[in-house]
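Sequences and hints are given; from them, build the entire structure.
In case you want the letters, here they are:
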Amino acid sequence: MHPFQYLAPTSVAEAVDALARYGDRARALAGGTDILVQTRTGRFDLDAVVDVKRVPELTALTLGEDGLSIGAAVPCYRVYEDAEVAGLYPGLIDAASLIGGIQIQSRASLGGNLCNASPSADGICPLIVHYGQAHSAGPDGRRSTPVEEFCVAPGRTILEPGEFLVSIELPRPPAGFGGAYQRFIPRNEMDIAVVGVGSSLTLNAAGDRVESARVALAAVGPTPILAHAAGDSLVGKTPGIDAFREAGELAADAARPISDMRGDVNFRKELVRVLTRRTLTTALERAQS
Amino acid sequence: MTIIEQPKEYKVIGTRPIRHDGLDKVIGKAQYGADLKLPGMIWGALTRSPYAHARIKRIDTSKAEQAPGVMAVITGADMPVAEAIEIETGEEVTNLAHASDKLMARDKVVYKGHPVAAVAAADQNAAIEAARLIEVEYEVLQPVLTVDEAMASGAPLVHEDYAGKDLGEETRNTNVADHFRHETGDTAAGFAQAAVVVEREFELTMVHQGYIEPHNATALWKSDGKIEIWTSTQGAFGVRSSVAPILRVPETDIRVTPLEIGGGFGGKIPIYLEPVCAVLSKKAGRPVKVVMDRKSVFEATGPTPGGRIRVKMGANDKGDITAAEVDLYYEAGAYPGSPVGAGAMCALACYRVANARVDGYDILVNKPKTAAYRAPGATQAAYAVESVVDEICQALGMDPLDFRLHNATREGDRRADGPVYPRIGNLEQLQALKDSEHYRTPLEREGADGRLRGRGVANGFWFNGGMQSCVTINVNSDGEVGLVEGSVDIGGTRASIAMQAAEVLGLRAEEVHPVVVDTDSVGYTDMTGGSRTTNATGYAAYLAAQNVIAGMKERAAILWESNADDVEFEDGVFSSKHDSELKVTFKELAAKLTETGGPLAASGSIRQRGSGGGFGSHLVDVEIDPETGKVDVIRYTAAQDVGKAIHPSYVEGQIQGGATQGIGWALNEEYFWSDQGVMENSTFLDYRMPTALDLPMIDAIIVEVPNPTHPFGVRGVGETPIVAPVGAVANAIHDAVGVRLTQAPMKPQRVLAAIKEKNGNGA
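Those sequence lines, one after another, are chains F and E. Using the working numbering, you'd call the opening residue of the first sequence number 305 and step up by one each time. Using the working numbering, you'd call the opening residue of the second sequence number 21 and step up by one each time.
By construction, these hints were calculated from the structure, which means they are not laboratory data. Cβ coordinates follow ideal geometry from the N, Cα and C atoms, glycine included. Where hints are given, some of them may not hold.
A short, non-exhaustive set of chain F residues, derived as facing chain E with CB atoms under 10 angstroms [stated by the list, open to error]: (1) 307; (2) 346; (3) 489; (4) 490; (5) 491; (6) 492; (7) 493; (8) 494; (9) 495; (10) 565; (11) 566; (12) 574; (13) 575; (14) 577; (15) 579; (16) 582.
Non-contacting residues of chain E with respect to chain F, defined by C-beta distances greater than 12 angstroms in every case (computed) [what the hints assert, rightly or not]: (17) 31; (18) 95; (19) 104; (20) 126; (21) 158; (22) 172; (23) 192; (24) 205; (25) 271; (26) 430; (27) 448; (28) 571.
If you want it as structure tokens, here you go:
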């Protein structure tokens with residue numbers, strides 16, 4: 305590890321300047337739970353880290369009429385300890401409360417989880433099924449991107465040199481909405497997803513038909529995958545085990561896993577079927593409660 | 021607690037005092053190797069091979085030598101050439117040439133992570149960066165990665181010049197370092213008498229001890245030619261006797277100071293860094309420290325072998341085992357010396373088998389050289405044998421503990437490899453498990469959400485070592501004593517040894533102050549390992565304490581102007597046999613040492629011949645998600661004959677720790693290899709040891725059948741409890757979902773695939 309600069313800007317403009325100055329030899333630092341480990345193991349060779357936690361927008365957690373804005377550096381614990389947020393965004397809470405242990409949750413942010421762009425990230429699928437938008441800032445100004453389009457390859461996002469994630473915005477869920485995230489790990493905690501599935505659905509006023517649904521998959525492709533066909537298959541259907549099984553099959557079709565030390569292709573596809581059904585079942589219970 | 025024979029009442033033994041080293045460890049003040057700072061100390065880092073098998077064509081160190089802060093660079097050419105002779109190093113025999121080559125390759129790298137060069141620089145980052153600048157040109161060779169590949173005709177040779185042995189005959193051009201056989205009776209005749217014969221093959225992969233503290237060493241090669249070493253080791257004297265011939269310096273010129281150890285489990289008996297640090301220090305003229313990272317610990321220290329095991333066992337309809345055959349093919353790693361010898365002796369140790377044959381194969385592969393891991397070699401064999409025993413019980417319709425009791429070895433029985441058992445507690449501990457509340461409570465077969473439950477048992481044996489120890493006790497004027505020992509403290513041995521001295525001296529455990537010292541400061545003491553320390557170093561402490569009492573009697577005799585033979589000692593008080601008025605407490609007499617002749621110190625030393633065989637049977641309930649294959653351990657009980665529990669909490673801790681490591685081995689731990697012999701999961705994220713959240717409380721049932729060769733009846737404890745768990749978990753999985761897992765670990769993917777295959781819908 306070489307010595308590197310530590311910069312701590314206090315505004316978005318300063319942060320953009322700092323990051324642009326070092327280009328791809330700089331990384332933004334929020335909780336640091338990925339970047340510190342990765343730098344030590346030589347994955348990055350950096351000249352600067354730009355600590356974004358002193359930029360007020362990045363540590364703001366705001367719940368308004370339109371929805372929830374999560375500053376990119378807001379640690380997980382602030383999300384799950386906010387009772388109102390927890391009630392409205394249950395799928396997000398499932399993930400925020402299972403990333404790492406309590407120490408990690410006190411540092412790690414959902415924004416960092418998104419920017420780290422790991423295919424197995426626990427935080428990204430819930431953002432997708434809650435219809436999240438990623439707001440970034442860079443030398444060319446600001447832009448918004450649907451979360452499902454944010455990651456482009458393992459460890460790579462749409463962010464250009466000098467650009468960084470400012471916040472993630474989730475619309476306020478309508479009545480009849482439920483969401484859930486589950487992952488499969490060989491142990492009970494402190495582990496990385498072999499497969500993760502986030503699901504959400506919105507019921508009609510009568511509660512007997514699905515009006516919209518999303519299923520997103522982790523660790524079964526180079527990026528988190530929004531399984532369009534799986535979610536769409538539920539629209540207009542009576543929610544229940546048969547529809548969820550069918551969605552599970554479509555989700556497995558959308559999965560493009562590799563075989564590696566955490567599981568082979570068959571195992572992962574089977575886990576997608578099981579977890580899709582299970583998360584949709586939980587999402588339905590939440591939508592009905 | 022089941023007590024079979026209680027010879028006498030003790031005051032200290034069997035109590036649970038707070039350990040002497042406890043506070044410093046709890047508050048983070050204990051000094052481990054990584055904490056050590058010396059004046060002028062610099063840091064070393066190693067350059068390691070990216071290939072499992074390759075010839076070194078050229079090494080260019082010039083860029084590293086010019087890097088900022090670099091003070092020394094070495095390669096294999098700078099290491100002395102060690103003689104190809106074998107020495108005893110604790111639980112294994114080490115060939116010095118191999119031990120030296122393992123530290124730093126000369127011509128050929130034979131495992132991924134094999135060191136090829138090392139640098140020393142002003143700080144750790146500078147050393148790591150410089151080590152990356154060393155350029156090595158390799159001719160990559162085809163690696164030998166499994167026992168089957170290694171034994172195939174025309175296989176590449178891990179060592180071209182190695183002479184192996186096949187049933188005593190020398191062999192050439194082979195990767196089979198050794199093949200041996202134990203045989204008794206006539207197995208063909210035995211199988212002919214059997215009503216049930218089960219034959220199965222099992223496969224395992226390497227697993228690591230997983231100690232939290234990485235290996236580290238600091239060395240200073242002084243101007244007078246003497247070498248000082250500070251290190252994390254299970255045995256400072258073993259380090260000294262390994263380093264001396266590797267560096268070709270006299271043992272006397274080396275002083276090894278053992279620092280606190282953050283786990284060893286057998287893996288910190290061999291040396292990896294000490295000679296490299298010493299040679300760097302000689303070149304740089306400063307103390308040089310190296311601390312491994314986790315990746316190097318996994319890739320380049322000593323895991324326990326994977327391999328293949330075949331077991332064939334027969335029993336008649338009365339439930340007598342009539343014959344058994346076991347073939348053990350163990351990976352040695354890149355140099356000979358897997359624990360297959362111990363595995364072969366343990367394989368059938370729990371059972372009376374009149375007709376038995378056990379063959380062991382020690383097989384070279386391009387993987388790290390295996391090292392001892394808690395009951396080395398026994399767990400693999402027990403997984404296979406206990407699985408087959410489980411099948412036989414089912415075929416005969418016998419209760420698994422009744423069958424094991426019926427066939428259990430006892431005093432006077434002969435093990436398949438020869439030795440006759442002295443007094444052992446195999447029957448007693450099996451009976452204790454059978455009598456446990458856990459075993460008597462029927463298992464509810466269904467868990468929540470469709471999960472299925474099962475119960476399994478298995479038995480296990482470990483020899484327990486004896487070996488050599490020395491202890492010195494110094495009497496202080498306040499009546500407390502210092503206890504000087506060479507046994508590195510693992511699992512509370514300061515306490516368990518001090519308690520034995522305290523018992524003799526009539527003191528409280530807290531009044532004995534144990535200190536673990538360097539190799540110049542105490543008599544020769546073998547490593548903390550082989551489950552020998554509480555037995556043998558405890559015995560040495562017992563003898564030293566007896567000698568202290570003898571010395572104190574002489575002092576009392578001086579005070580009373582009588583003869584030491586006229587002085588008695590009981591309950592901390594010296595008294596005259598002739599004059600009931602003459603009494604002096606240990607403390608009062610200690611205050612009078614100056615006037616009765618000066619300081620009093622006494623030593624005890626022992627060469628213990630084994631510390632009493634240990635048997636332990638385990639009972640486990642599992643709950644399985646049949647849709648994902650995930651196995652949860654929901655209840656666990658382990659019974660073990662420990663001889664005498666000196667400090668019952670630490671005995672329970674050993675049993676729980678062994679069970680925990682065995683559960684990890686059973687369910688998730690594995691070296692996951694690429695087809696080029698690269699371990700792909702060399703992190704604690706993907707090398708999955710169980711966490712506290714993955715385990716129930718492990719209930720330990722202490723059974724005490726005293727060991728007749730120890731004054732307090734102590735048997736070894738620490739290793740036996742890792743022998744049974746893998747088999748027990750396999751049997752519980754079978755009970756839950758009806759599939760027999762013959763590959764460890766029994767990870768979710770394998771369990772699910774087996775369930776699907778059984779249900780006829782394998783993907």
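Evaluation of the provided hints:
1. 307: 8 angstroms, holds
2. 346: Where the cut-off is 10 angstroms and the nearest Cβ of chain E is about 8 angstroms from residue 346(F), the hint holds.
3. 489: This interface hint holds because 9 angstroms falls under the 10 angstroms limit.
4. 490: Hint on residue 490(F): holds, closest Cβ of chain E at ~5 angstroms, below 10 angstroms.
5. 491: OK, holds: residue 491(F) within 10 angstroms of chain E, min 5 angstroms.
6. 492: Holds. Min distance 4 angstroms.
7. 493: 5 angstroms, holds
8. 494: Hint holds; residue 494(F) Cβ to chain E Cβ min 5 angstroms, cut 10 angstroms.
9. 495: 7 angstroms, holds
10. 565: This hint holds: residue 565(F) lies near chain E, its Cβ roughly 4 angstroms from the closest one there, short of 10 angstroms.
11. 566: Where the cut-off is 10 angstroms and the nearest Cβ of chain E is about 7 angstroms from residue 566(F), the hint holds.
12. 574: 7 angstroms, holds
13. 575: 6 angstroms, holds
14. 577: 9 angstroms, holds
15. 579: The hint holds - residue 579(F) has a Cβ within 10 angstroms of chain E, the shortest such distance being about 9 angstroms.
16. 582: Hint on residue 582(F): holds, closest Cβ of chain E at ~9 angstroms, below 10 angstroms.
17. 31: The claim stands: residue 31(E) keeps its Cβ more than 12 angstroms from every Cβ of chain F (closest is about 43 angstroms).
18. 95: Per Cβ check, residue 95(E) is outside 12 angstroms of chain F; nearest 22 angstroms; holds.
19. 104: Residue 104(E) is indeed farther than 12 angstroms from all Cβ atoms of chain F, at 38 angstroms.
20. 126: For residue 126(E), whose nearest Cβ neighbour in chain F is about 27 angstroms away, the distance exceeds 12 angstroms, so it holds.
21. 158: 20 angstroms, holds
22. 172: Holds, since 25 angstroms exceeds 12 angstroms.
23. 192: 37 angstroms, holds
24. 205: Per Cβ check, residue 205(E) is outside 12 angstroms of chain F; nearest 43 angstroms; holds.
25. 271: Non-interface label on residue 271(E) holds, nearest chain F Cβ at 39 angstroms vs cutoff 12 angstroms.
26. 430: 40 angstroms, holds
27. 448: Label holds. Min Cβ-Cβ 35 angstroms, cutoff 12 angstroms.
28. 571: 54 angstroms, holds
Checked against the numbered hints above, the structure breaks none of them.
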